[in-house]
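With full-length UniProt numbering, the residue at position 163 of the sequence shown is 163, and numbering never jumps.
These are computed hints drawn from the structure, not numbers from a lab. Treat the hints with care, as some may be off.
[What the hints assert, rightly or not] With a cut-off of at most 27 Å between alpha-carbon atoms, the simulated DSSO-like pairs for lysine-lysine come out as follows:
hint, residue 1, residue 2
1, Lys159, Lys316
2, Lys55, Lys102
3, Lys5, Lys43
4, Lys292, Lys329
5, Lys208, Lys55
6, Lys55, Lys43
7, Lys5, Lys292
8, Lys124, Lys292
9, Lys224, Lys292
10, Lys224, Lys208
11, Lys274, Lys159
12, Lys159, Lys43
13, Lys274, Lys5
[Claimed, not checked] Have a look at the derived ranges for each label pair, beta carbon to beta carbon:
hint, residue 1, residue 2, range
14, Glu271, Tyr185, 17 to 23 Å
15, Gly12, Lys208, 45 to 51 Å
16, Ser209, Val275, 17 to 23 Å
17, Arg230, Lys329, 17 to 23 Å
18, Val275, Asn127, 27 to 33 Å
19, Lys124, Leu183, 42 to 48 Å
20, Leu183, Gln249, 23 to 29 Å
21, Leu312, Glu221, 56 to 62 Å
22, Gln40, Ala65, 19 to 25 Å
23, Leu312, Asn36, 38 to 44 Å
24, Asp261, Ser170, 16 to 22 Å
25, Gln249, Pro54, 28 to 34 Å
26, Thr201, Lys228, 30 to 36 Å
27, Ile211, Gln249, 34 to 40 Å
Even for Gly, the Cβ is constructed at its ideal location relative to N, Cα and C.
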Amino acid sequence: MVTKKEIAEHLGISRTAVSLVLNNTPSSTISSETRNKILQAAKDLGYRDVEVSPKLCFVLYDRDANDPRYMVHLQTIEAAASRFNYGLIFMNITHAPESLSKLQRSLDNQEIEGFIISGDVDEKLLNMFRHSNTPYIFYGLPLCNQEKGLNFIAFDDRKLALDATQYLMSLGHTRIALFMGSLDYDIHQLALEGYIQAHETNGIPLDKSLIQISNDENGYELCKRAEKLRLDYTAAFCANTVIQFGVLQYLQSTGVSVPNDVSLIGSGLTELVKVSVPQLTTLYVPATENEKAVSLLLEIINSRNPEGTSSLLITKSELNEGGTTSPRKQEVLR
């Protein structure tokens with residue numbers, strides 16, 4: 001029998017894309033051209049949808065469905081769910097009433113065994129799942145959002161920022177910029193805390209002018225602003241790979257050599273890391289840790305204990321060495 005994996009290999013595309021199309025996933029962002037190719041290949045290869053496996057749902061809340069950071073998580077979770085013989089549905093939900101109503105209908109019809117929720121969650125969404133009888137887990141919930149009565153996996157974003165900044169310091173850098181998104185998001189507040197803690201721990205004075213914020217998380221504009229302000233830095237920690245990629249593009253466009261003149265380290269492991277030249281140096285949560293979202297959700301499903309909650313704090317991170325960091329150049333005395 002032809003499998004989804006074989007269809008994906010035949011077309012040279014991801015298994016996630018094939019699953020999204022053949023599962024008729026709501027809110028899938030697969031283009032009509034790719035969708036038609038997948039459906040035609042399934043027909044030509046003799047694929048029959050005889051799967052009766054239960055379904056899990058990955059909900060991305062108030063984030064662009066094509067955001068590369070979350071697409072990597074989706075692929076990891078889809079692969080983990082498949083190993084437990086679960087299918088995965090993807091839903092891109094916003095805080096708009098009609099979008100939340102669609103999610104509520106999915107909760108009410110109880111056709112989905114459990115939900116994994118990521119993105120910029122708010123109190124409205126938290127309450128929706130608090131009062132639901134459907135098993136769920138909030139995935140990647142910032143530490144400061146740990147609340148009673150919730151199932152969640154939290155990433156230690158503060159520690160990751162601390163470790164990333166200290167990694168640059170270990171290379172001899174003391175003038176380290178911080179490029180990040182809006183402080184309205186807890187993940188950026190935690191990045192700031194980790195960055196500040198690294199300076200305090202290592203006895204390096206904090207220059208607040210090196211902290212640059214973009215609500216649009218636009219690394220290109222952040223770096224351009226830093227140049228116009230004549231900020232003096234030899235390295236930068238970027239809160240995510242989207243920002244880091246934009247910073248790299250601006251530096252290269254102005255003739256600044258990375259990493260010879262400026263070193264860059266970011267957070268995460270997305271497709272941008274691989275397509276970048278040089279590849280981005282990042283700290284990231286390994287796939288083996290991300291996959292725990294599925295195993296923890298299945299424990300919740302099997303226990304069916306409405307009184308108890310489950311939580312997990314992920315502190316482990318790994319270094320993708322890439323090619324955007326190097327030891328600080330020492331000034332030559334004449």
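Here's how the hints hold up against the structure:
1. Lys159 to Lys316: Given pair Lys159, Lys316 holds - Cα atoms ~9 Å apart, limit 27 Å.
2. Lys55 to Lys102: Roughly 17 Å between the alpha carbons, so the hint for Lys55 and Lys102 holds.
3. Lys5 to Lys43: It holds: about 15 Å lies between the C-alpha atoms, which stays within 27 Å.
4. Lys292 to Lys329: Outside the cut-off at roughly 41 Å; violated.
5. Lys208 to Lys55: Violated, because 48 Å separates the two Cα atoms, which is more than 27 Å.
6. Lys55 to Lys43: Given pair Lys55, Lys43 holds - Cα atoms ~23 Å apart, limit 27 Å.
7. Lys5 to Lys292: holds, 22 Å
8. Lys124 to Lys292: It holds: about 26 Å lies between the C-alpha atoms, which stays within 27 Å.
9. Lys224 to Lys292: violated, 39 Å
10. Lys224 to Lys208: Between Lys224 and Lys208 the Cα gap is close to 17 Å, so the pair holds against 27 Å.
11. Lys274 to Lys159: Holds, at roughly 24 Å.
12. Lys159 to Lys43: violated, 49 Å
13. Lys274 to Lys5: OK: Lys274 and Lys5 at ~23 Å, within 27 Å.
14. Glu271 to Tyr185: 17 to 23 Å: holds, 22 Å
15. Gly12 to Lys208: 45 to 51 Å: holds, 49 Å
16. Ser209 to Val275: 17 to 23 Å: 32 Å Cβ-Cβ, so the 17 to 23 Å window is violated.
17. Arg230 to Lys329: 17 to 23 Å: This hint holds: roughly 19 Å between Cβ atoms.
18. Val275 to Asn127: 27 to 33 Å: This hint is violated: roughly 39 Å between Cβ atoms.
19. Lys124 to Leu183: 42 to 48 Å: violated, 21 Å
20. Leu183 to Gln249: 23 to 29 Å: holds, 24 Å
21. Leu312 to Glu221: 56 to 62 Å: violated, 36 Å
22. Gln40 to Ala65: 19 to 25 Å: holds, 24 Å
23. Leu312 to Asn36: 38 to 44 Å: Taking Cβ atoms as reference, Leu312 and Asn36 lie about 40 Å apart, which means the hint holds.
24. Asp261 to Ser170: 16 to 22 Å: holds, 19 Å
25. Gln249 to Pro54: 28 to 34 Å: violated, 44 Å
26. Thr201 to Lys228: 30 to 36 Å: Cβ of Thr201 to Cβ of Lys228: about 31 Å, so the range 30 to 36 Å holds.
27. Ile211 to Gln249: 34 to 40 Å: violated, 21 Å
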